[in-house]
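With the hints as extra help, turn the sequences into a complete structure.
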Amino acid sequence: MKHHILNKIYHVEILPPKQATEKLHEDLDSFVSKYNRVKESGYCACITDNAMGLLAFQGTEVIEEMNLEVNPNQVMIHLNTFHTKEDLDNILTTSKKLGIKYFLVISGDGSDRLPKLQPADVGATGVESVTSVELLKYINREYPGDFVLGVAFNPYEPEEHEFEKMCRKMDAGASFIITQPIIEKNPVVDKLLKIYPEVPVIIEAWMSKKLHLLSDAVGYEIPEDTEFDPLATLEQLHLLYPTCGVYLSLLGFKYQYDKVKGLWK
Amino acid sequence: MKIVVCIKQVPATTDAKIDPETKRIVREGIQAILNPFDTYAVEEAVKLRNQFGGEVITLCMGPPKAEVSLRESISVGADKGILLSDRAFGGSDTWATSYALAKAIEKIGDVDLVLCGKQAIDGDTAQVGPGIAAHLDYMQATYVMAVDQVTDDSITVKRMHEDGYDICEMKLPAVLTVVKGINIPRVPTLKGRLASEKEEIPVWKPDDIGADISKIGLDGSPTRVVKTNPPPARHTSSKKIEGSPELCAKELFRELRLRSIL
Chain A
2 MKHHILNKIY
12 HVEILPPKQA
22 TEKLHEDLDS
32 FVSKYNRVKE
42 SGYCACITDN
52 AMGLLAFQGT
62 EVIEEMNLEV
72 NPNQVMIHLN
82 TFHTKEDLDN
92 ILTTSKKLGI
102 KYFLVISGDG
112 SDRLPKLQPA
122 DVGATGVESV
132 TSVELLKYIN
142 REYPGDFVLG
152 VAFNPYEPEE
162 HEFEKMCRKM
172 DAGASFIITQ
182 PIIEKNPVVD
192 KLLKIYPEVP
202 VIIEAWMSKK
212 LHLLSDAVGY
222 EIPEDTEFDP
232 LATLEQLHLL
242 YPTCGVYLSL
252 LGFKYQYDKV
262 KGLWK
Chain B
34 MKIVVCIKQV
44 PATTDAKIDP
54 ETKRIVREGI
64 QAILNPFDTY
74 AVEEAVKLRN
84 QFGGEVITLC
94 MGPPKAEVSL
104 RESISVGADK
114 GILLSDRAFG
124 GSDTWATSYA
134 LAKAIEKIGD
144 VDLVLCGKQA
154 IDGDTAQVGP
164 GIAAHLDYMQ
174 ATYVMAVDQV
184 TDDSITVKRM
194 HEDGYDICEM
204 KLPAVLTVVK
214 GINIPRVPTL
224 KGRLASEKEE
234 IPVWKPDDIG
244 ADISKIGLDG
254 SPTRVVKTNP
264 PPARHTSSKK
274 IEGSPELCAK
284 ELFRELRLRS
294 IL
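Just so you know, the sequences run in chain order A and B.
Here the working numbering is used: the first residue of the first sequence is 2, the next is one more, and so on.
Here the working numbering is used: the first residue of the second sequence is 34, the next is one more, and so on.
Worth double-checking, as some hints may not be accurate.
BS3-like, lysine-lysine: derived pairs with alpha carbons at most 30 Å apart [unchecked claim]: (1) K19/A / K273/B; (2) K266/A / K9/A; (3) K211/A / K40/A; (4) K3/A / K98/A; (5) K272/B / K166/A; (6) K272/B / K211/A; (7) K211/A / K283/B; (8) K117/A / K113/B; (9) K3/A / K166/A; (10) K283/B / K186/A; (11) K210/A / K138/A; (12) K262/A / K3/A; (13) K192/A / K283/B.
Quick caveat, the hints were computed from the structure, so don't treat them as lab data.
Listed below in C-alpha cells is the structure:
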C-alpha cells in the first residue's frame, strides 16, 4: 500500500449495481466504464460491499461476469460482516482466482435482508458478534499471505474506544488504514499518524458537494445548505496530509474525475 | 421432490394505495416487489430441493409485470416460473385466487409439496395457502418455522403459535405456509440474475389450467370490500444494536447524539 502513496495512486470508490435496479445492463455498463477509466488512469478501484445496507451485487462477481481485467495493484474490495459463510468464502476464493489482493475489512451496515456472519462461522470464541476484528483473523488464518487487509478508522467515534479497537485490528493483521471522510485537519487523525507511523494511512476525501450527507458519519447535523467545494478541499488535504494516500468517495465521473488528476502534486 | 412455491408481487408497503372506487390496490406506477414472506418460502424450497433432489417451480398470479418476481425467484435457485395472467383473473379474492393456483398446481402434476409465505404484505389475509390446501384437499400446516424431517411420503414440521410450537407430521402432498425466521433467504447473484433473464416464463390463462370461469375474478369471489381505510402512518423506527454492553452503550450514545437528543 505504501507503493500507492509514493506513486500518488488515488483510491476511487465505485458502487456496483444495486440488486433492485430495473436497468441492470445499463448499470453494469456504467460500472465497467468507471472501472476501466480508473484502471487506465493508474488508480485503484475500490468497490463497495452493500454500502449503507443497500443490496448490491458483489464487486468480485461483477468483475468476473463482465470479464474485467484485474491488475492486483489497482483493485480493492470492501468486505463486511454481512454475508453467509458460504458467500464469504466464495468472495475470497474468487478474489484469489482473479488476482485481487487488497481488501478493506469492515463491520459494515446491515439490513433485514442481509445475513450476518456468526462467531462460529469464522471460528471466533468469546464474542457475541462478528466484527472486522474477527473477520480479519479468519481471513489471515484461512488464507495466509493471500491478501493485504486494511481497516477503517473513524475519528468521529469516542477516541479511546476507537484507538482501542484499532489496536485489536492491528493485532488481527491489518496492514493499512482508511479513515472516514475528513474535510480539514483532524486532530484524531493526526494522533493516528503519530501512533502508527509505519502503517500506510489513506484519508477519505468527500467528493460530493452535499456535505450534509456526512451528518451520519460525523455524528452531528450538518445543515443542508452548507456550501462545500470538494476539489478545493482535496487540494487542501494533500497539503495537510502529504504522507497519506487519498480515497475519493462519491467522486463524480462526469465532471469531477478529470479535474482531480492534477491535484496530487 | 417436486415443489411448487406460490409467490405474489406486491406493492412496496409504504407506497400502497387503495382505489376509492374499486376498493382494490392501485398497482400502476408503484414500485412492485416480491412479497418478502415469499422469499422465505422460495429459500426453503431451494434448500429442500438441494437436499432431496427434484425441482422447484414458482407460480404467480398477477399482471404481466409480475414476471419480474418469477425471474427473481429463478435468480435465487428456482428451476422455473409460471405466470397466471389474464384479465379474467382480475379482482379475484383469496378464495378465487387459491382456486386458480390450485388448478395450476393440478396442471403441473405430481406435486409433492406446496410452499407459500405466511401472508402477503398487501392483503395480510394469510388465507391463500390454506385456500389452496382446501381446493386440493391436501394436508396443511401454517406458520411453519422449521422443516424437521422429510420422507418419501411424509413431512414433519414445527408450526409456530403464540405459546411455542406444535410438531406436525403430515402425509404428502401437503401445503405449508412459512414464517420469517425459517431460514435466511439468499441474495441473488449477478450470474443468477443474468441467467434468469434468459428463462422463458410460460403464461397460463384460465383455459390452460381448466379453470371454471365462474370461479375466478370478481364473479368467482365471495368477498365484497365495502369500505377501506388506511391505517395511520407509523412514525416510529427501530434499530437493533448488537455487541458487548459497553459497545452497545457507546453506539446508543452516538445514535442519541446524532438525533440531538443528548
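Going through the hints against the structure:
1. K19/A / K273/B: 24 Å, holds
2. K266/A / K9/A: 8 Å, holds
3. K211/A / K40/A: 27 Å, holds
4. K3/A / K98/A: 24 Å, holds
5. K272/B / K166/A: 22 Å, holds
6. K272/B / K211/A: Status holds; Cα separation ~25 Å.
7. K211/A / K283/B: Roughly 27 Å separates the two Cα atoms, so the pair holds.
8. K117/A / K113/B: 29 Å, holds
9. K3/A / K166/A: Holds. K3/A to K166/A sits at ~23 Å (cutoff 30 Å).
10. K283/B / K186/A: 25 Å, holds
11. K210/A / K138/A: 37 Å, violated
12. K262/A / K3/A: It holds: about 19 Å lies between the C-alpha atoms, which stays within 30 Å.
13. K192/A / K283/B: 21 Å, holds
Consistency note: the structure conflicts with earlier hint 11 alone.
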